[in-house]
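Colleague: Chain P is fixed; fit chain Z onto it per the hints.
As given, the protein sequences belong to chains P and Z, one line each in that order. Numbering of the first sequence is given in our numbering, commencing with residue 3 and proceeding in unit increments. Numbering of the second sequence is given in our numbering, commencing with residue 6 and proceeding in unit increments.
Among the hints, erroneous ones may be present.
[To be verified] Restricting the straight-line Cα-Cα distance to at most 25 Å, the calculated cross-link-like pairs of lysine to any residue (SDA-like) are:
| hint | chain 1 | residue 1 | chain 2 | residue 2 |
| --- | --- | --- | --- | --- |
| 1 | P | Lys172 | P | Val161 |
| 2 | P | Lys173 | Z | Lys7 |
| 3 | Z | Lys14 | Z | Thr68 |
| 4 | Z | Lys137 | P | Gly195 |
| 5 | Z | Lys145 | P | Gly195 |
| 6 | Z | Lys15 | P | Arg32 |
| 7 | Z | Lys147 | P | Thr52 |
| 8 | Z | Lys7 | P | Met44 |
| 9 | Z | Lys15 | Z | Val117 |
| 10 | Z | Lys14 | P | Gln33 |
| 11 | Z | Lys154 | Z | Gln129 |
| 12 | Z | Lys137 | Z | Gly53 |
| 13 | Z | Lys165 | P | Thr245 |
| 14 | Z | Lys7 | P | Lys255 |
| 15 | Z | Lys137 | P | Leu158 |
| 16 | Z | Lys41 | P | Arg26 |
| 17 | P | Lys172 | P | Phe217 |
| 18 | P | Lys172 | P | Met270 |
| 19 | Z | Lys14 | P | Arg23 |
| 20 | P | Lys172 | P | Tyr202 |
| 21 | Z | Lys154 | Z | Pro122 |
| 22 | P | Lys172 | P | Val273 |
Simulated from the structure, these hints should not be mistaken for lab results.
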Amino acid sequence: MIWVWIALAPILGGLVYGGERVLRARMQRRQGPPVLQPFYDMFKLLDKRTLIVHAPHALLGVAHFFVLWFTVAAIFLGWNLLYIVFLHLFAQMLLILAGYSVRSAYSHLGANRELLMLIAYEPILILVAVGFYLQSGSFDIAQIVRGGGYLVQMPLLFVALAMIVPIKVKKSPFDVGEAHQEIVGGVEIEYSGLFYEFLYMSRFLEYIFIYSFVFIFAGVSYGLGAALVAGVFLLVNLVDNATARVRTMHMVKIIYAVALSLSIVNIMWIVL
Amino acid sequence: MKFFTAFRKKSPWILHYNAGSCNGCDIEILAALGPKFDLERFGVINTGNPKQSDIFLVTGPVTYRSRERLVELYSQIPEPKVVIAVGSCTATGGVFRGMYNVEDGIDQYIPVDVYVPGCASTPQLIIDAIVKALEILETKSKEIEKPFKLFGAIAMVGNKLSRLNMATRVKHDEI
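Chain P extracted, bound-state conformation:
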């Protein structure tokens, strides 16, 4: 059963992405695209002529997608949370290498920003994992979701996690990595057709990845987990519609000044 969910993970993420585009449109009093729009996009991309810069560049994009898929599979199978964070780091490194491997200035700029995003959110993810370890005595997700009361013991870590969700799903005010017209997609810029499709699908997997961190805060109660995910999802989209993009260094400063200190305070409070 769990393998079916793992196989369906990109489709699940696609539905979340499609639903999000409708939700954002409704927040702006627009009609918005159909919920299945991401899949229409994917089918269309299959019908385009594919331009490749060089083979390793295309391959790194594909590898990024599959490593990310493996990471999501590891989450579904309840593996070690630290492994999962570092697997995700590996997937991001592949993407950054792909960005640096072509000569496009925008691609390099995007890879730089992707690195800075990594620097911003990675400590928070690790501290969240440490928080779970201190509470449940194990890094295994299977063990963590058998416990409970995380929200009471680690409220500040939850706030910190909610702050880095917009970075991961590329939403304002922290959408510096994609930055629509500013750097035209950053690392994605040189991909087209079939190979862009892999990057497009890896965005769906990012949704599953980061929202599953939100989900396990509920512990044993799956209903509370669904409510948390829905709440953070609404909040992130509301903030996305209401704010402008901050500068890259500004983003790192905000995350370090607020989210990181909140996490450290929370960890100290658990330990002491």
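Modeller: Same frame as chain P, but now just chain Z:
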């Protein structure tokens, strides 16, 4: 493949390029994309990236400064693609027709599928043009489309097709 062709008209991604326009048409395009006219309900995204676009939305008469970029962007869009000329200037040169620094309309350089009249053309007209362009997009094949001028050869590097020289620079003595 035949199955995927039906999805072309469901997700047209736009590349908008200003080839020396007065910004009148650009503002109307942004209005068409914005909440009131909501082009996104047809699945339209303003990508800004030629390699992932289907529709090339050009405004402005082609000035001497912008023609290289126009051809470059056009040849970077993977097929199938359609070109929409938005506004009188783009279609015929408009009030700038015959001026020393302007080419009369983008069809001097690249093949145009849909012309939109008006100075500036209204968002309703632009939406109409995009719907019309989608009909044309569905009938197109994946064969390489070439610009008329500033066109270099499509070379074979090894056994692969190279587009590197498809758009060429203007030689200095030609100006």
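Colleague: A separate judgement is required for each hint: does it hold in the structure or not?
Modeller: Structure-based check of each hint:
For the suggested pair Lys172 of chain P and Val161 of chain P, the alpha carbons sit about 18 Å apart, so the restraint of at most 25 Å is met. A threshold of 25 Å between alpha carbons decides the hint, and for Lys173 of chain P with Lys7 of chain Z the separation of about 35 Å lies outside it, so the pair is violated. This hinted pair does not check out: Lys14 of chain Z and Thr68 of chain Z have alpha carbons roughly 31 Å apart, beyond 25 Å. Among the hinted pairs, Lys137 of chain Z with Gly195 of chain P is consistent with the structure: their alpha-carbon atoms are about 23 Å apart, no more than 25 Å.
Among the hinted pairs, Lys145 of chain Z with Gly195 of chain P is consistent with the structure: their alpha-carbon atoms are about 16 Å apart, no more than 25 Å. Distance hint between Lys15 of chain Z and Arg32 of chain P is fulfilled; the C-alpha atoms sit about 18 Å from each other, no more than 25 Å. Proximity of Lys147 of chain Z to Thr52 of chain P is assessed by CA-CA distance (about 10 Å); at most 25 Å being required, the pair is judged to hold. Between Lys7 of chain Z and Met44 of chain P, the direct Cα distance comes to roughly 15 Å. Compliance with the 25 Å bound is thereby established for this hinted pair.
Among the hinted pairs, Lys15 of chain Z with Val117 of chain Z is consistent with the structure: their alpha-carbon atoms are about 21 Å apart, no more than 25 Å. Between the alpha carbons of Lys14 of chain Z and Gln33 of chain P the distance comes to roughly 18 Å, so the proposed pair stays at or under 25 Å and holds. As the CA atoms of Lys154 of chain Z and Gln129 of chain Z are separated by approximately 32 Å, the hinted pair breaks the 25 Å bound. The straight-line distance between the Cα atoms of Lys137 of chain Z and Gly53 of chain Z is roughly 21 Å, inside the 25 Å bound, and the hint therefore holds.
Between Lys165 of chain Z and Thr245 of chain P, the direct Cα distance comes to roughly 45 Å. Violation of the 25 Å bound is thereby established for this hinted pair. Under the criterion of a C-alpha separation no larger than 25 Å, the hint pairing Lys7 of chain Z with Lys255 of chain P is inconsistent with the structure, at around 51 Å. Using a Cα cut-off of 25 Å, the hinted pair Lys137 of chain Z and Leu158 of chain P is violated, with the two alpha carbons roughly 53 Å apart. A hinted pair counts as satisfied when its Cα atoms are at most 25 Å apart, and Lys41 of chain Z with Arg26 of chain P qualifies at roughly 14 Å.
Only pairs whose Cα atoms come within 25 Å are accepted, and Lys172 of chain P paired with Phe217 of chain P is accepted, the gap being roughly 19 Å. Note on Lys172 of chain P and Met270 of chain P: the hinted pairing is violated, with a Cα-Cα distance of about 30 Å set against a maximum of 25 Å. Between Lys14 of chain Z and Arg23 of chain P the CA atoms are separated by roughly 19 Å; this keeps the pair inside 25 Å, and the hint holds. Pair hint Lys172 of chain P plus Tyr202 of chain P holds up; C-alpha atoms about 12 Å apart against a cutoff of 25 Å.
Taken as a hint, the Lys154 of chain Z and Pro122 of chain Z pair is honoured in the structure, with Cα atoms around 24 Å apart against an allowance of 25 Å. Between Lys172 of chain P and Val273 of chain P the alpha-carbon distance is near 33 Å, which puts this suggested pair outside the 25 Å criterion.
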